[in-house]
Amino acid sequence: MVTAGAFDGERPLHPAGAAVLLAAFERGWAQPGGLGEASAHSRHLLQAAREEIAGHLGVNPTELEFWGESALISPMALQGMPAFTEGKLIVGATERQEILALAARTKSSATLRVSHSGLIDHDQLLEEVERDSIVAIQSANIETGVCQNLKEISQIVGAMKAELHIDYSASGPLVRLPHYWSTADFPAKSWDGPSGLGVMLINKSHRWANPLATATTRRSPESYSLPLVLAAAASLTGWLADSKNESERLRNLTTMMREVIARTIPDVDIAGSGKSEESLPHILSVSILNISGERLVNALAREGFAVASGSACVASAIEPSHVLQAMGILTHGNIRISLMHGVQESDVKRFLALLPGIISQLRTEAGA
Amino acid sequence: MGENLVLDCLGALCPTPIIQLSKAVRTMNPGDHITLKADDPATKSDLIAWARMTGNHVTIISETSFDIEKS
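Taken in sequence, the protein lines are chains R and W. No gaps in the numbering here: position 148 of the first sequence is 876 in my numbering, and each next residue is one more. No gaps in the numbering here: position 4 of the second sequence is 165 in my numbering, and each next residue is one more.
FYI, nobody ran anything at the bench for these hints, they're computed from the structure. Certain hints may be false.
Partial list, derived from the structure: chain W residues whose beta carbon lies under 8 Å from chain R [what the hints assert, rightly or not]:
1. Leu171
2. Cys175
3. Ile179
4. Ile180
5. Lys198
6. Ala203
7. Ser206
8. His218
To spell it out: a stretch of chain R is covered by chain W in this simulated footprint if at least three of its residues, at any positions, have a beta carbon under 8 Å from a beta carbon of chain W; those stretches are [claimed, not checked]:
9. 1010-1019
10. 1054-1063
11. 1083-1096
We put the CB at the ideal spot given by N, CA and C, even for glycine.
Can you build the whole structure from these sequences, using the hints too?
Spelled out as structure tokens, the structure:
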């Protein structure tokens, strides 16, 4: 069910996933590794889900590992590459904080500049990448919706036969795997699947070993919940079917929002170019000069709109958004709008009608 | 060379330094300078964005001191 005004990126489990979840707890309760009949049934369910998800992601089922700790997938994927110990870790300046922190702890690392529109500097990548390098890139950024040119990046990294890890947290399978890749991170949340589950892809032609101490040959802790795997598979199938129509509709809505906000509100900084090949269809990041992000978020909440913010003055943040800083975008007065499938155009238009008045009032109150 | 003012926003959290600067610049003439002192971690990057958006010129003197020329 879509909640009116929920523009903050929090999305419920896809109805297709919700429909199978309860039944999955009844059908898939046994450990797939066990010996009994119930375990054999669980193994069958797990394999079917693995094949369904692998098919949608365009990989071989043997290249897919489920992780119950989805936030660990990218750090583990990088640390499982043989080059991690001695090679250079190259990351984009707008990567997730934990990846930047990991790069800071490695023996050799480089941070790639981004342009004002959020795109990685490919010339710098060409200069930095070596045969023993690992390049960690997001397919798209969850704060700004900016999509990287994965085709060109994979060509640059592939030409050096270096390793390429891609984090699909923001885009999910809206963005396809490029021709050359080593590992990839797909949280099930990226396709409105359940939280607490993610998929690590390991390209069969690249070397990778579980960095966690283990006495087995397992490539993951296998601590995931099988019912969540089944719900994730059903969600992915349903979400992709919805996306065929919804992506274009959401693209039209965010394009309209970009145009109306730029026209009706003076002194705004909208992240990214908005071009379809450089942005996700459903995310818009807007920074408004001389406004407190916290006051703006609260004022919108009073009107029934939930939005996120990258401003430091919003209670959950200590530092301003490193993503906006790297792009040279204003960090204060920031709101992140994320439209979910099923959002009503009338809600978006009501938001756009209210926003200029709210901004004007907040600026007056601030004496700006 | 225009008048040189100082705006002390040390200890103030963003966006207060930028709002105070915007107000101060409105009363200045083209070519006037103002020194902004601010130590909030967002100020430096926001000031550069502010200059791009408003067309004014910023020179970074130190991590907490900035010279602004009204264009």
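Consistency of the hints with the structure:
1. Leu171: At about 17 Å, which exceeds the 8 Å cut-off, the nearest Cβ of chain R leaves the hint on Leu171(W) violated.
2. Cys175: 5 Å, holds
3. Ile179: Holds: closest Cβ of chain R sits about 7 Å from Ile179(W), inside 8 Å.
4. Ile180: 5 Å, holds
5. Lys198: With a closest approach of 18 Å, the Lys198(W) hint is violated.
6. Ala203: Given a least distance of 4 Å, the restraint on Ala203(W) holds.
7. Ser206: OK, holds: Ser206(W) within 8 Å of chain R, min 4 Å.
8. His218: 16 Å, violated
9. 1010-1019: This one holds; 4 residues, not fewer than the three required, reach chain W with a Cβ under 8 Å.
10. 1054-1063: This one holds; 6 residues, not fewer than the three required, reach chain W with a Cβ under 8 Å.
11. 1083-1096: holds (count 3)
Taken one by one, the earlier hints fail for this structure at numbers 1, 5 and 8, listed in ascending order.
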